[in-house]
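Model the full assembly from the supplied sequences, consistent with the hints where possible.
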Amino acid sequence: MEKTAGNLKRVYTVADPLIAGHIETILTERGIHCFVRNRFLTGAAGEIPPLEAWPEVWVTAEDEAVSRRLIDEVVGPPDAPVGDDWQCPDCGETIEGQFAECWRCGGRPE
1 MEKTAGNLKR VYTVADPLIA GHIETILTER GIHCFVRNRF LTGAAGEIPP
51 LEAWPEVWVT AEDEAVSRRL IDEVVGPPDA PVGDDWQCPD CGETIEGQFA
101 ECWRCGGRPE
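The sequence shown begins at 1 in UniProt numbering and counts up one residue at a time.
Mixed in with the good hints there might be a few duds.
Distance ranges between label pairs, derived from CB positions [what the hints assert, rightly or not]: (1) 93 - 62: 48 to 54 Å; (2) 94 - 39: 37 to 43 Å; (3) 49 - 100: 20 to 26 Å; (4) 91 - 40: 38 to 44 Å.
Source of the hints: derived by calculation from the structure; they are not laboratory data.
Since we're looking at a predicted model, the values are computed, not measured.
All residues carry an ideal CB built from backbone N, CA and C; glycine is no exception.
If you want it as structure tokens, here you go:
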């Protein structure tokens, strides 16, 4: 469900306030006025539903389309494909495709 408030549109919601702040910085550097709602509310999760405590990035309706494109460029679309599993060249451990470094020895794919 699309969330709006007057002339404002929610363009991104994420559990990590650092990522929300990163998105805010990227949009602001490109001249898009935005703000992060719930920036400091994650500590209230449990008292309120967790998703209600997640930081949300909001922009004006005029900037919604360009903001969504910029966000997709930075974080990728929500259903971005995950790479194939790979075998660590250093220790032989099988690593899931979304990881770029071996959890066991720190090796990287060739």
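Hint by hint, here is what the structure shows:
no.: 1; hint: 93 - 62: 48 to 54 Å; in the structure: 50 Å, holds
no.: 2; hint: 94 - 39: 37 to 43 Å; in the structure: 39 Å, holds
no.: 3; hint: 49 - 100: 20 to 26 Å; in the structure: 33 Å, violated
no.: 4; hint: 91 - 40: 38 to 44 Å; in the structure: 41 Å, holds
Checked against the numbered hints given earlier, this structure breaks only hint 3.
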